[in-house]
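Q: Chains W and C, in that order, give the protein sequences. For the first sequence, the numbering used here assigns the number 1 to the initial residue and increments by one for each residue that follows. For the second sequence, the numbering used here assigns the number 1 to the initial residue and increments by one for each residue that follows.
Bear in mind the hints are in silico, worked out from the structure with no lab data behind them. Backbone N, C-alpha and C fix where the C-beta goes; we use that ideal spot for every residue, glycine too. Hints are supplied without guarantee of correctness; some may be wrong.
In silico lysine-lysine, DSSO-like type, Cα no more than 30 Å apart, as pairs [unchecked claim]:
(1) Lys-460/W with Lys-543/W
(2) Lys-10/W with Lys-141/C
(3) Lys-161/C with Lys-302/W
(4) Lys-460/W with Lys-163/W
(5) Lys-493/W with Lys-460/W
(6) Lys-163/W with Lys-13/C
(7) Lys-219/W with Lys-244/W
(8) Lys-284/W with Lys-10/W
(9) Lys-543/W with Lys-163/W
(10) Lys-244/W with Lys-331/W
(11) Lys-13/C with Lys-236/W
(12) Lys-10/W with Lys-161/C
(13) Lys-13/C with Lys-284/W
(14) Lys-284/W with Lys-334/W
(15) Lys-13/C with Lys-493/W
(16) Lys-302/W with Lys-493/W
(17) Lys-219/W with Lys-236/W
(18) Lys-493/W with Lys-331/W
(19) Lys-244/W with Lys-216/W
(20) Lys-493/W with Lys-334/W
(21) Lys-493/W with Lys-543/W
Residues of chain C placed beyond 12 Å of chain W at every Cβ, according to the derived structure [said to hold, decoys possible]:
(22) Arg-16
(23) Arg-28
(24) Phe-33
(25) Ala-56
(26) Gly-68
(27) Asp-72
(28) Ser-83
(29) Arg-84
(30) His-85
(31) Phe-86
Output of the computed footprint for chain C on chain W, the stretches with three or more beta carbons under 8 Å from beta carbons of chain C [said to hold, decoys possible]:
(32) 22-28
(33) 237-243
(34) 522-529
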Amino acid sequence: MNRPTPNDRKDEEEIRGWIAEAGDCRVETRPEHVDRVRHALLERVALPREPVIALDETESAPLGIGLIRLFGLACLVAAALFGAVHFSSRPADGWAAVAQALHDQSWIHIVTSGPEGLDEESWISPRFEVLARKRHRGAELWDVEFDDIERGVKEEYIAEENKIYRDMNDHGRRNRQAQELEIFGQLLQVESFKTSPIPDMELIAESHRDVIERGKTWKVYELTLRGVVGKKLDVKMSIRVDPKTGLPQTWNIEAEDGTIQLTFHYPATGPADLLALGVPATAKRDSSLPEESLDQVLNGLKVGRTRFDDYCAYVWTESATPADLRRVWRKGQKWRVENTSPRSTTKDAMIRHDPIPIDIDLAGLKQRENELVFETEAVFDGVTLWYYQSKPKATDPGQPSVVERKRIIAQQIIAQQIDGMPDDPSIPWPDMLPELLGHPDVAGPTRFSARLWEYSLETKPDDGPSSTLRLHARHPTRHGLYDNYRIWIDPEKNYLALQAEIRAIDPAARSETNPVVHVDTKILTELGRSPNGFWYPTRVLRKSSKNKGDRVTRFLLDFQAAIPDALFEPIK
Amino acid sequence: MNDERRLLRALAKRDRTAWATIYDRHVRDVFGFVYHLVGGDQSLAEDLHQEVWLAALEGIDRYDRQAGRFRDWLMGIARHRVSRHFRGVSSTGTGSIFDWGVVLGTSGLPPPEQLESIERADVIRAAMLRLNPDHRDVLLKKYVEDASVLEIARGCGRSPKAIESLLTRAREQLRELLRPYFSHTNQGIRYEPADPKRPQG
Numbered sequence: 001m002n003r004p005t006p007n008d009r010k011d012e013e014e015i016r017g018w019i020a021e022a023g024d025c026r027v028e029t030r031p032e033h034v035d036r037v038r039h040a041l042l043e044r045v046a047l048p049r050e051p052v053i054a055l056d057e058t059e060s061a062p063l064g065i066g067l068i069r070l071f072g073l074a075c076l077v078a079a080a081l082f083g084a085v086h087f088s089s090r091p092a093d094g095w096a097a098v099a100q101a102l103h104d105q106s107w108i109h110i111v112t113s114g115p116e117g118l119d120e121e122s123w124i125s126p127r128f129e130v131l132a133r134k135r136h137r138g139a140e141l142w143d144v145e146f147d148d149i150e151r152g153v154k155e156e157y158i159a160e161e162n163k164i165y166r167d168m169n170d171h172g173r174r175n176r177q178a179q180e181l182e183i184f185g186q187l188l189q190v191e192s193f194k195t196s197p198i199p200d201m202e203l204i205a206e207s208h209r210d211v212i213e214r215g216k217t218w219k220v221y222e223l224t225l226r227g228v229v230g231k232k233l234d235v236k237m238s239i240r241v242d243p244k245t246g247l248p249q250t251w252n253i254e255a256e257d258g259t260i261q262l263t264f265h266y267p268a269t270g271p272a273d274l275l276a277l278g279v280p281a282t283a284k285r286d287s288s289l290p291e292e293s294l295d296q297v298l299n300g301l302k303v304g305r306t307r308f309d310d311y312c313a314y315v316w317t318e319s320a321t322p323a324d325l326r327r328v329w330r331k332g333q334k335w336r337v338e339n340t341s342p343r344s345t346t347k348d349a350m351i352r353h354d355p356i357p358i359d360i361d362l363a364g365l366k367q368r369e370n371e372l373v374f375e376t377e378a379v380f381d382g383v384t385l386w387y388y389q390s391k392p393k394a395t396d397p398g399q400p401s402v403v404e405r406k407r408i409i410a411q412q413i414i415a416q417q418i419d420g421m422p423d424d425p426s427i428p429w430p431d432m433l434p435e436l437l438g439h440p441d442v443a444g445p446t447r448f449s450a451r452l453w454e455y456s457l458e459t460k461p462d463d464g465p466s467s468t469l470r471l472h473a474r475h476p477t478r479h480g481l482y483d484n485y486r487i488w489i490d491p492e493k494n495y496l497a498l499q500a501e502i503r504a505i506d507p508a509a510r511s512e513t514n515p516v517v518h519v520d521t522k523i524l525t526e527l528g529r530s531p532n533g534f535w536y537p538t539r540v541l542r543k544s545s546k547n548k549g550d551r552v553t554r555f556l557l558d559f560q561a562a563i564p565d566a567l568f569e570p571i572k
Numbered sequence: 001m002n003d004e005r006r007l008l009r010a011l012a013k014r015d016r017t018a019w020a021t022i023y024d025r026h027v028r029d030v031f032g033f034v035y036h037l038v039g040g041d042q043s044l045a046e047d048l049h050q051e052v053w054l055a056a057l058e059g060i061d062r063y064d065r066q067a068g069r070f071r072d073w074l075m076g077i078a079r080h081r082v083s084r085h086f087r088g089v090s091s092t093g094t095g096s097i098f099d100w101g102v103v104l105g106t107s108g109l110p111p112p113e114q115l116e117s118i119e120r121a122d123v124i125r126a127a128m129l130r131l132n133p134d135h136r137d138v139l140l141k142k143y144v145e146d147a148s149v150l151e152i153a154r155g156c157g158r159s160p161k162a163i164e165s166l167l168t169r170a171r172e173q174l175r176e177l178l179r180p181y182f183s184h185t186n187q188g189i190r191y192e193p194a195d196p197k198r199p200q201g
């Protein structure tokens with residue numbers, strides 16, 4: 001460093017003089033003021049952007065900025081307009097049908113295209129509470145988002161960095177987006193929609209007509225909306241609906257600086273994650289990803305139980321006969337469990353039944369359905385759990401008991417309100433249901449409130465399957481029950497518990513060093529993935545310190561099976 | 001992408017957590033900056049300070065990170081708000097933020113003529129808050145707390161040479177910020193209150 005010159009020293013003295021004169025510049029802010037501004041700011045952040053504002057700003061912004069904003073809101077705006085149009089016109093006619101038709105879709109896929117080669121695809125699933133979005137610039141992938149609102153996890157892929165980022169525990173964002181989905185849901189329940197969901201826009205004109213194109217008739221609704229503040233720009237919309245299905249096919253939004261077209265598709269399944277949206281497998285994950293929080297993991301388990309594809313499952317224990325086979329149905333939040341018995345009731349028929357081959361596939365099992373009779377064991381209709389207890393027919397003297405089970409001669413129906421939270425019912429046969437077995441409900445088996453449990457989380461455990469977290473749950477007072485859990489969870493596989501260990505503690509040995517009297521371990525050794533991307537077990541190894549030998553349970557799931565609603569109605 | 005860029009993306013998407021983070025990070029500097037620029041008028045400072053944040057939210061889409069740091073942009077908004085106040089422009093509403101342009105290339109303080117009623121010390125304090133935090137801290141340690149270079153170096157785990165260098169850059173930045181307000185003469189620093197007839201710029 002050069003030796004300071006006299007001028008340098010003079011400069012320093014001058015600076016010293018200024019700063020000495022000014023003193024400490026830092027100001028103690030009034031906490032009330034800081035909080036008030038913070039609140040005002042975050043409250044403003046939570047408000048959805050208003051399209052009319054975006055359009056107003058296009059005057060001084062580069063072409064398309066307003067439209068780009070509209071892209072971001074396209075899904076919500078489109079949804080919102082259902083209600084707006086409906087309520088401002090005819091509550092009982094076409095739009096009600098459109099709303100209902102949309103509501104019945106598992107997924108709504110919207111392709112949005114506009115000027116400057118900016119394209120966007122969006123997927124909305126009110127059922128799974130998922131919003132996904134993929135943007136292009138020309139042929140180039142720009143960025144991709146997968147927002148799992150129910151789990152509170154949002155992942156974003158930045159193409160220019162080939163990197164994935166994750167945000168979690170943002171309750172503000174979650175609430176905001178849950179509100180958006182709620183608006184979506186509300187709009188589709190047309191009776192509850194009272195006011196325009198689009199701030200500062202009013203309906204100026206509305207008409208509809210039939211259009212015949214290549215022999216097909218379409219219903220076309222045309223709307224003009226006008227901003228009530230700012231430049232009061234007009235937005236014209238044209239929505240083409242298939243009258244047979246009631247589903248929109250296209251939706252054009254025309255503003256001063258261009259036109260956006262939304263094209264609708266209604267797939268049965270949607271993207272499971274970022275990779276399903278085209279993110280390359282080479283994408284790196286941000287090394288500074290926030291660690292999983294306890295709340296996040298508990299919520300992940302809960303969501304894993306309640307969110308799954310509809311299925312018809314076959315569940316059996318290896319080395320068992322077909323008579324041990326169970327058939328399980330799920331549709332939304334309804335389940336049905338059936339046990340089986342051989343169709344032929346002769347002793348010979350029973351004996352010649354071989355164990356179910358280990359490598360049997362779905363088609364093979366379905367073939368063997370003809371040999372079996374399925375009997376309802378329990379039904380949960382979404383509100384009430386119905387058990388069906390079978391009683392054997394009166395035994396003929398000298399006959400083996402196996403024959404006596406040939407048919408049900410009496411059923412006792414017990415209706416009971418389901419335990420647990422309304423959105424997470426505590427289903428009493430968790431080992432029969434792959435999604436429940438894979439996402440244990442710690443509080444469920446003991447019927448004690450989940451709030452009483454003490455939880456802890458080890459994000460980098462030194463045991464268990466790789467890439468898992470370890471959740472530990474302990475009930476502080478109820479010794480002697482299954483009150484001590486260790487669960488190894490893979491957050492990348494929709495929080496599937498790849499291994500779960502339940503310990504029973506001897507209440508009399510409470511003061512002893514090791515009061516554990518029994519350890520039951522379940523290990524998911526083979527996994528499948530549903531069409532909507534949810535991981536589930538197909539083979540589960542169960543070890544018990546009480547029993548010799550391991551037990552293996554297998555699951556084969558049919559996601560294409562027809563599942564009539566009548567299956568979940570209680571049998572009278 | 002570093003944390004700053006990630007945060008900026010989140011800000012642009014009106015991410016609540018991101019805004020809470022950025023607010024908590026800068027609130028004291030922004031408020032202090034405004035507070036000194038309005039001559040220590042607590043009530044006025046609080047009003048303008050709130051406007052700054054709401055304007056930042058409305059204008060986030062126009063923030064260009066290529067043009068400079070977010071903190072500088074935020075201070076630019078604050079400067080703009082204070083200027084508007086001194087020019088007598090209504091401060092209600094968020095107004096257009098497009099005229100701010102690239103505020104980073106301009107003086108970090110409102111035009112001198114708008115500060116004529118403000119104490120010289122307040123101008124310096126505002127300029128100090130406008131500094132890069134590292135620069136501000138080292139100047140405060142050196143000239144307010146009267147710590148030696150060696151003590152500062154020990155306190156922050158850096159070499160004395162690094163601290164000397166930091167001090168030099170800090171002084172240069174401060175001088176640059178104050179240049180429109182004080183002319184540098186052989187007789188020292190002279191405070192030049194604005195000539196009301198001089199065109200504003």
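Q: State the violated hints by number, sorted upward, taking the hints as numbered earlier in the document.
A: Result: hints 3, 8, 9, 14, 22, 23, 24, 25, 33, 34 break, sorted rising.
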